[in-house]
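S.K.: Sequence:
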Amino acid sequence: MLVSDTRESLRCHCISRQSSRGSNHSLEARRGCKYEFLSISPRANEGSRIDNHTQDATSEFDKVHSMDIVKDLPEGSYKGDLDPSTAKTLNVAVNPSGVTPAADSKQVKPLSLCIVANDFQAEAQKVLDRRAWVYVSSSANSGLSFQGNIDSWSQVSFRSRILRNVGGVSTRSSVLGHPTVVPFFVSPMGTMGMSHPNAELELVKGLVRKGVHGITSTASTKPLEEIFEAHAKELEAVGGEATSPSRLFFQLYIPTDRAKAVTLVRKVERAGYKGLFITVDTAVLGKRTADRRKQAEEALADGLDHSKVLVPATEDGNENAFAPAVGARPVPGQLSAGVTWDDLRWIREEWPGPIVLKGIQTAEDAKLAAEHGCQGILLSNHGGRQQHTAPNALSTLLEIRAYCPGVLEKLEVYLDGGCRDGADVLKALALGATAVGFGRPFFYAMAAYGHQGVERCIDSKLDSSSHILTARDD
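Under full-length UniProt numbering, the residue at position 267 of the sequence shown is numbered 267, and the numbers go up by one with no gaps.
To be clear, the hints were calculated from the coordinates, so they are not data collected in a lab.
Incorrect hints may have been included.
Only pairs whose alpha carbons sit at most 30 Å apart, straight line, appear in this in silico DSSO-like list of lysine-lysine [what the hints assert, rightly or not]: (1) K260 x K287; (2) K126 x K210; (3) K210 x K267; (4) K126 x K287; (5) K274 x K260; (6) K274 x K367; (7) K410 x K267; (8) K274 x K109; (9) K367 x K410; (10) K260 x K233; (11) K274 x K210; (12) K233 x K274; (13) K126 x K109; (14) K210 x K109; (15) K233 x K210; (16) K287 x K233; (17) K233 x K267.
From just these sequences and the hints, can you work out the full model?
M.R.: Next comes the structure, spelled out in structure tokens:
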């Protein structure tokens with residue numbers, strides 16, 4: 001029996017009496033312990049609402065969080081260890097997050113029929129429940145930024161040259177000095193456990209097998225150390241770094257508490273990540289309409305009074321547990337609204353490797369990043385999830401070319417947002433970018449097919465565009 005040194009063992013029927021569907025206090029059983037998650041920690045990420053009153057929420061918890069999250073819970077959240085003799089009174093949560101190991105599912109079509117990015121999206125929608133689908137597909141406000149990302153790539157046309165020797169075409173490139181077999185990488189995505197039971201572990205398996213770089217999110221489902229170790233083990237399994245050049249970088253959300261930020265950065269360094277991508281466009285979280293609507297529906301279904309659903313906080317200042325926290329507003333302390341250029345100083349003191357600013361949307365800020373000694377910038381509007389009518393990355397790249405082209409010589413410049421195929425990558429490279437990031441297509445591919453979907457998605461980007469356009473790597 002697991003018994004805490006300081007608290008008496010909790011009997012499960014007592015938990016059942018404390019948990020009620022109309023209550024603001026969601027009490028969860030997790031790995032033989034009971035925690036109160038009313039005040040969610042800064043590590044709680046988008047997609048994290050777990051509603052399993054009087055149930056064993058372990059399996060659902062694992063799809064969204066690692067156990068590291070409990071280290072950041074407010075004092076008093078730990079309620080004690082569960083009495084195993086009464087644990088059977090708890091029902092096991094029945095897959096409300098809709099994660100299906102779909103590679104073997106008859107719901108999805110054969111992987112060989114997935115030719116373009118939209119094919120993976122269509123298959124993922126078959127296996128993800130509405131909550132998971134809303135999370136990954138949602139965007140800010142009415143979706144203009146998201147759609148603008150998609151549309152931007154079709155507004156640039158190729159000028160193909162003919163009668164050129166293209167026999168020596170190569171797709172090889174590098175990111176922050178690390179060679180890669182392709183000029184693209186997988187952008188950071190939080191809460192990947194909603195797409196597949198093995199989450200990031202499944203993703204890195206596919207990346208290693210194809211020699212592609214990836215960026216681990218602060219909001220990852222699995223601990224950052226476990227993800228890096230899984231990547232290292234897969235590298236060893238395929239024959240080492242000589243066989244696969246795949247490397248992992250880390251995306252950092254800066255929390256309000258600097259001490260926690262420093263601790264996180266040090267963990268990233270110890271783990272072995274090769275670069276730090278600092279997200280700079282989330283001082284406040286965007287208005288994600290679909291997330292808010294879904295959570296309001298869940299709150300009403302939970303029996304919460306309609307008037308309370310509309311109020312983000314109670315009169316005494318406490319957070320309303322049913323307010324749209326997931327994908328609609330940050331939990332307390334998760335994102336610092338006070339980060340400035342000066343913060344790069346202390347980050348540089350703690351982090352010895354290259355720094356990339358993720359979320360640059362103007363030529364002026366691109367120039368400032370170069371002046372502050374950054375090694376790279378990622379032009380991005382957070383997949384259209386943050387600011388309504390934000391500029392797309394391609395237009396920002398064109399702005400840089402027009403007003404401060406020297407930045408392209410001083411920094412590595414990456415883009416993400418709306419990229420869907422190899423032609424998009426080639427357009428970005430032709431306009432001066434170093435590499436391009438893909439996000440949602442890989443979430444969809446993994447949801448439907450696991451690591452095999454990741455590998456197939458990578459292959460789908462490697463089309464014949466460079467040959468058709470007579471492009472060479474020299």
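S.K.: When the structure is checked against the list of hints, which entries are broken? Sort them ascending.
M.R.: 8, 16
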